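**Student:** Protein chains in written order, with our numbering: chain A, 11 to 135; chain B, 443 to 546; chain C, 248 to 422.
Derived from the structure by calculation, the hints contain no laboratory data. Incorrect hints may appear among the rest.
What the hints assert, rightly or not - Here are the simulated lysine-lysine pairs, DSS-like style, with alpha carbons at most 30 Å apart:
no.	chain 1	residue 1	chain 2	residue 2
1	A	K27	A	K54
2	B	K477	B	K526
3	B	K539	A	K27
4	B	K526	B	K539
5	B	K539	A	K54
6	B	K477	B	K539
All figures in this text were calculated on a predicted structure; none of them were measured in a lab.
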Amino acid sequence: MARTSSTSQGETAILGKGTNLRGRIAGDGDLRVEGTISGDVALKGHLTVHGGAEITADVQARSVVVEGAIEGDISATEAVAIRAGARVSGAIRGASISIEEGATVNGRIDADFELPPELGGKGAR
Amino acid sequence: MASTVISQGITIEGELTTDDDVVIEGTLRGKLVSKDTVRVETGAVVEADIVASSLSVGGQITGNVTASDRVDLMPGGRLIGDVKAARLTIADGASFKGNVDMDV
Amino acid sequence: MADVTVIGQGIFLRGSIKGDGDVEIRGRVEGDVEVAGEVTIGEGALVKADVTARRITVRGAVAGNLTGEDGVRLEEGARVVGDLRGAGIGIAEGALLRGNVQTGTGGEGRTRARQQPAQARTPARVEPRKAPTLVAKTSTPGRKIAPPEERPAPPPPVVPVLKKGSRAVLRKRSR
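Given only the sequences and the hints, what does the whole structure look like? Please build it.
**Tutor:** In structure tokens form, the structure reads like this:
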């Protein structure tokens, strides 16, 4: 049964455990995903993908925490945190990216930084 | 907290299916199928067909709604579309345009 | 327990390091590192080499691929340009990486790590050795000049199967 939820702005949207979305989700707020999404996610807020949740699409948000599975590219203006037990395949972009050992990751990380000149500067890759 | 909450500022385009209850405060376009209660809150904009066990409408819905139990149009609620439900209540101050089929 | 070989801060080693023990690099290494134990690349270390080991921990700068059978861990301050492979991969906040990440589960990761020692993986940017090397086990001159391998194409973009359908639904709905 739905309990009363305030309509104050900045509240976290939730896609519950038994919920399956085929389509896109976008918005200003935060989103917690416990179910499955096949479709792009574009948020100005924070995205949390719980253990057991699955997203099959590209994901954009301010920050992303993954405990479940994402098959698609992840892009965050702030931090991306991939926790142990998570499964990620796709490119990962973010101001800071962390991966816990125990996560299954198959993808690419492209941080923007310079290698020391002794190693050939930017490292042309 | 409801299991699924589409809060204000969030837009979903597509087909949402769930076993659990849903609260919509934001925007939904497409289709919503729930085995539980669906609440469309004041300020919510729904352009979708809705299938649920029961549905309360405080916001705005454009689409056909089907409820195995009941549909309640709350004051300020607005529904453009057909209703198929065992029971239907329309509060004073609600607006509704569409057909009603209570023969479920 | 195997001894730890330490490449100290003032050392510049051009060549390869091979063996059973653990290696800690605090200085500069250019070439290959292939050991059975653990490799620690310390803060301030400069490594231009593919590194293969049971476990690799990085706090310094690396240009090269890192393959850790059990795992690869980039700690805060690590800067790596190269691919990471291992059963488990950890990247701490504040570590920087440009490259592919591939974890393997248990045996799969092990096999992969074993089948892919540094050989023939040498990317173009590692120049063939010019100077005579300091290490005994360097008698594989042909190896380094192996043709640079093409980098694998990035994974195909994920196209949600149902997107089209849902759009169709939308088009129908949104007048």
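**Student:** Does each hint hold? Answer for all of them.
**Tutor:** Going down the list of hints, with the structure as the test:
Under the criterion of a C-alpha separation no larger than 30 Å, the hint pairing A:K27 with A:K54 is consistent with the structure, at around 23 Å. Taking the CA atoms of B:K477 and B:K526, the gap is about 15 Å. The hint holds against a cut of 30 Å. Under the criterion of a C-alpha separation no larger than 30 Å, the hint pairing B:K539 with A:K27 is inconsistent with the structure, at around 34 Å. Using a Cα cut-off of 30 Å, the hinted pair B:K526 and B:K539 holds, with the two alpha carbons roughly 13 Å apart.
Proximity of B:K539 to A:K54 is assessed by CA-CA distance (about 36 Å); at most 30 Å being required, the pair is judged violated. Between B:K477 and B:K539, the direct Cα distance comes to roughly 25 Å. Compliance with the 30 Å bound is thereby established for this hinted pair.
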